[in-house]
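Student: Below are the chains, spelled out letter by letter.
Protein chains: 4
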Amino acid sequence: MAKKEKLVFGKLNLMRNDVLPKNKKICIGFVGGGPNSFIGYTHRLAARFDNRFEFVAGVFSRDINKSKEFGMALGLDASRCYSDYQSMAKKEFNRPDGIEALGIMTPSGDHYKIAKPFIENKVNVICDKPLTATLQDAEKLEKLVKKNKIVFALTHNYSAYPMLREAKEIIKTGRIGNILLVNVEYPQGYTVGIKKKDEASILKWRLDKKICGPSMIMAEIGTHSYHLLRYVTGLDAKEVSAEINSLSPELSIDDNAFITLRLKNKSRASIWVSSTATGGENGLKIRVFGTKGAVEWFQDDPNHLKFTPLNKASRIITRASGSVSDFSLESSRLAAGHPEGFFEAFANIYTEFADAITSSKKTNYTFPSIEDGVKGMKFMFAAKESSNKNSKWIKL
Amino acid sequence: MAKKEKLVFGKLNLMRNDVLPKNKKICIGFVGGGPNSFIGYTHRLAARFDNRFEFVAGVFSRDINKSKEFGMALGLDASRCYSDYQSMAKKEFNRPDGIEALGIMTPSGDHYKIAKPFIENKVNVICDKPLTATLQDAEKLEKLVKKNKIVFALTHNYSAYPMLREAKEIIKTGRIGNILLVNVEYPQGYTVGIKKKDEASILKWRLDKKICGPSMIMAEIGTHSYHLLRYVTGLDAKEVSAEINSLSPELSIDDNAFITLRLKNKSRASIWVSSTATGGENGLKIRVFGTKGAVEWFQDDPNHLKFTPLNKASRIITRASGSVSDFSLESSRLAAGHPEGFFEAFANIYTEFADAITSSKKTNYTFPSIEDGVKGMKFMFAAKESSNKNSKWIKL
Amino acid sequence: MAKKEKLVFGKLNLMRNDVLPKNKKICIGFVGGGPNSFIGYTHRLAARFDNRFEFVAGVFSRDINKSKEFGMALGLDASRCYSDYQSMAKKEFNRPDGIEALGIMTPSGDHYKIAKPFIENKVNVICDKPLTATLQDAEKLEKLVKKNKIVFALTHNYSAYPMLREAKEIIKTGRIGNILLVNVEYPQGYTVGIKKKDEASILKWRLDKKICGPSMIMAEIGTHSYHLLRYVTGLDAKEVSAEINSLSPELSIDDNAFITLRLKNKSRASIWVSSTATGGENGLKIRVFGTKGAVEWFQDDPNHLKFTPLNKASRIITRASGSVSDFSLESSRLAAGHPEGFFEAFANIYTEFADAITSSKKTNYTFPSIEDGVKGMKFMFAAKESSNKNSKWIKL
Amino acid sequence: MAKKEKLVFGKLNLMRNDVLPKNKKICIGFVGGGPNSFIGYTHRLAARFDNRFEFVAGVFSRDINKSKEFGMALGLDASRCYSDYQSMAKKEFNRPDGIEALGIMTPSGDHYKIAKPFIENKVNVICDKPLTATLQDAEKLEKLVKKNKIVFALTHNYSAYPMLREAKEIIKTGRIGNILLVNVEYPQGYTVGIKKKDEASILKWRLDKKICGPSMIMAEIGTHSYHLLRYVTGLDAKEVSAEINSLSPELSIDDNAFITLRLKNKSRASIWVSSTATGGENGLKIRVFGTKGAVEWFQDDPNHLKFTPLNKASRIITRASGSVSDFSLESSRLAAGHPEGFFEAFANIYTEFADAITSSKKTNYTFPSIEDGVKGMKFMFAAKESSNKNSKWIKL
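Residue numbers (numbering that gives the first Met the number 0), protein chains in the order written: chain A, 0 to 395; chain B, 0 to 395; chain C, 0 to 395; chain D, 0 to 395.
Isolated chain A (complex conformation) (with noise of 0.2 Å):
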């Protein structure tokens, strides 16, 4: 057996490659993601981004002739191809070869029920977020996923960026000091040019509470933002303040969150995220600042991480150059200077799923947990509170 190499190219020394643990691969199955679904599509490309599974079943629509077509196109096996999750969960446990793992990108609606099944056969899942719809789903499929000691990650995506763990490893190792004050914001613009006519044709499943929970910009983007502001400074909120609403012209789902935070001590944060940003296009970013120095990261410019020490000229550290962390390196598979993307960071979650399944040790993972799902459905819920409250602060 090949041990695990690193790729060696002047100063990259990378853990990131398509060579094989033991020479095998993870046999993963879908639900979700048909053929014009963009998340399907990207759960795929980053479960085969890095060699690390082999995608061998799938549920792509409710009939079965459909979803056969579909699968089939994807190169599966007809006879692995499903109409429900049930069927899938059942026939896929009586196979030598059934599935190790299983990702679901429905509406999180679904999340708890579809997961179910398939934890209690101890089948490994990857799930989309947000974790679930209600605060309820969300407990129960925490409780499931500890008695049943499988691997569960959750696809907070951004948080797998190199750089964006590059600053996380900053402010860990001390060296902006103490936390001040934190910025997220996450200014998109899709909802403003929609008719109220079209509503229903493009928002979908995003305007119905039940499968997308009680705010529909706080699902899509506030549990991100709030994930990526725990994830790279280690703390959570105490209290939240919200002024959450609908501004885009002819509609009535939340599309604007303003945010404020109290965190521990004396600092304090803001979350900004927005449909209703004309022009804006998914400008993802973060600021960290300390007694020491500061961190920021940008999406749309994902692979610089600026970090300013305190009084002294900012640094621009590039992804994989000499100034950067083992563990941000240990995220970059391409050289400084050629740039990585989305993908890149979608499929970290991915390889860093399969080395938990794969190693014996199921601690310390880097990817979303249970818990921070759990965590970010809490967020979610205390700041539609507070909205409803007139911005009344509510407790975390």
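If you're looking for bench data, these hints aren't it; they were derived computationally from the structure.
Everything hinted at is true.
Below are the DMTMM-like pairs computed for lysine to aspartate or glutamate, each with C-alpha atoms no more than 25 Å apart in a straight line: (1) K305/B <-> E295/C; (2) K311/B <-> E168/C; (3) K305/C <-> E295/B; (4) K21/B <-> D62/D; (5) K23/A <-> D96/C; (6) K291/A <-> D235/A; (7) K311/B <-> E198/A; (8) K65/A <-> D76/A; (9) K24/D <-> D17/B; (10) K311/C <-> E295/B; (11) K115/A <-> E53/A; (12) K263/A <-> E249/B; (13) K388/D <-> D207/D; (14) K24/C <-> E53/C.
Dock chains B, C and D against chain A, hints included.
Tutor: Structure of chains B, C and D alone, referenced to chain A:
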């Protein structure tokens, strides 16, 4: 008499230059701005920038010898260097060539009393911000200005950057449609490293609420930010909710404010001002999002404006290029590509103040007025009250 | 059979996804790319990116045990791991399920001899650049490809970035008018710090002109740059004048080239490539200036294209936004604002190579061809000759 | 007498302000710069910027009435407005309060003859670039300046940007090691759209080689670029090879130049200047690469300097921040984050010219000198000769 010429250079066709209307300069004096005063230097430079003022008198110290020494070093006649504003007011009033205009750049608590005798003598006043330290003084000053019909300008200098004005024009002419959302941020980092023992020597009068108002960060840059929001959008806030804190480790003055604003109808805004944003260097930014487009301007790149029409590519509009309106072009002095900066914007206020004095019609000024000053004070006090009441919404 | 679906997400309407034409993958093998090879890893990832290839065979070492060990670690069957290309060609040819496509990523001196037996067996070839190490080999390879009518692709991967292609489309449709001026630059900095004693261990085969050609920097990135210029503008150089040097303190290989090019009519171009540009990190940039506008693309910000119509504001066009052409959109996989990078561009070449193999019509490929490879070789040799003759103009 | 004070603001500790050495201004006159002259306006503004000059006399037109009308509109006494430089020289010389300094901003062909009578009367001269239109005039002017020991400054204003000077200081103190490679580029786009019929009205004297020299683009910005290269690096060119063309569709003047330079030892440089770079807006950039690091400065972002130590993260050094040297700080007027621009740089030349006049010691000026002017002329003529000889290398 040479009429005021336009400079023509390529597409550049400028009104801002050093040609005098009626071949005549306006005599000006200053109160404040001694040897180590940055703001004093800035006002004097702004006054001479476009050749419109003759600087003839001033109070630079309470010690008459020091005041004379410094005034002469600036090129003044010793007889017009004074030790207090009262004697300056009296003596200048008795001269046939006495000052027609007064610049005030003392701490704001003194603005009203200094301005009073000059205004009563029909001297026009240009005053640093914030207007005063109390709402009462602000309102008394407003009455005085209106009663005496003098020209009054407040140096909210950021509003005079040409490309900020281009943003105003784009909004005014409907190119971004109805405003949905506004963000203003002004991160600075200068209080982070200050030790308790150095507080008094570094922050000086900023620690004294009597001469600086109820909230250091709100007085310093909160009022600037709110003026900018109003200037660019043409909208006033109806209510504010604020969280204002002291985050710098060893200090107790306000150094960070998160403010949410309800504007008219459905539109919302946020203002964030800070001196705790480690590494922040006057990073003033404004973004306005509407139903048909968005604009974004950033002081660190002042010669460009980003304009994004709905569902179209962003335009990077350069100052004085073929794409700008006459309104912003008239605030420009240099061809596109040659950078202008802070002093040019400051000088615009002075030159428009001169125009208003020289012109017979006293309307439609583009510079910040006494009313703007009063609104800024109301905003500052409302935000502070909200913060004191646990972020309760306060009406303006 | 599911027809190849378009993914629809907002305005995004993509052809690039993982749906297989006729439910069928293409069997591919690789020669080159052992354990520590970055380029080997890149080719394999590019092949699996869009789910179009089944990787089944390869030569990874001259030592059969090492080749098997590594091949199995990539998931191959041991029986299809070979120690030399000759036996691979023979054995794969004799299998009913033998490879239909071959990827070559050895040093360029070996390309011709490796490709030959496969091409003669009608195996389609995708080959790393530069095409060969001599002009003779390049021309022999061209004849062989044309005689056997196989599909041949050269991985000048930079030309497959979507926004680079948008630049090509803007130029082709006349939006910048007639081309006047072109700049290409590719500054890297990796040779500056190399000590004489480490030269062999770091630069390896790059020191050997027999397997790498007459000029290190020209072979590595000069050919890339010239291909990019030709791809984007549609113009060939008529004459070149070059100053090629070895500037790194302790080295003697070519590490910097300044090249001036006369294109057709009055138009001129410059190409600058370097590994002596300290701190340079794959800073590939192309700027094209025409009678009606200009375009600029920079690898460090690959998801945007700057397009400046004559006398108008620059447009920042975002990949996959509402402003792009179908041509570039078809090379995209992600909605505007989510960054794509180097691997996606590389994968575009592989996927279009797959399309060309699958499709009955073998024309109008967008990927770099055998003719492009030959032109790159002629450019490299002419530039080197010019430099040897004190920058004399050399005809191409 | 007040000694010249330093302004202290936070870390800012500035020498540039409006305090007069010995309470005294220098009387200055100008030849050139009539009503529509941008460069005339710029010189006058630069002279009054730091309060150091009293503008008292000038020639603004050959028509005495026009000259008086314009001069009075600038605030001059009618008796000191002249119609020709000869009478100005004579009359000012006979006044007890005659000018001590002369600014010249006519086309370069007139510089020598205008300067001559003033220099012979010991009037100090500040002159626009290029120095003259012929090498003969340049050398005669140099002799005259040296013989009469007057202070002479040439307004290569770009060299006076504080962060450009910081680049010089970083290089001088060895922080980038030995220089290997230099790039200077200055793309402008103003000739692209000019029609043949408008050529004379737009380009004016630029078409006349007698008053503007052998090559429009070289005189306009080629000399600026070469001065910048020499100023920042401290190196002279030994040989140049150039391709200078007229690329704008309807014009025949030189509008684009690619120049390669051999500096000392192994080091090389390139200069590209153009008015055919459609959309170019004074995009002056300089990059210097050495054995230990690199620096990059761009006029479009003049308040920052990029400094990249070998194998380390790039530093973005901000003007007047805690990271700059005294050398650049002394050219600054504003705290870090408040942008300075073109006029401040131009004013630096004037203020240092004033310092040189006022000071008893006449050495170590930082502003461009008569020798710099002569070297620029030699460069321009050598480059033009090389281009005429099909890019032959020409010694300087």
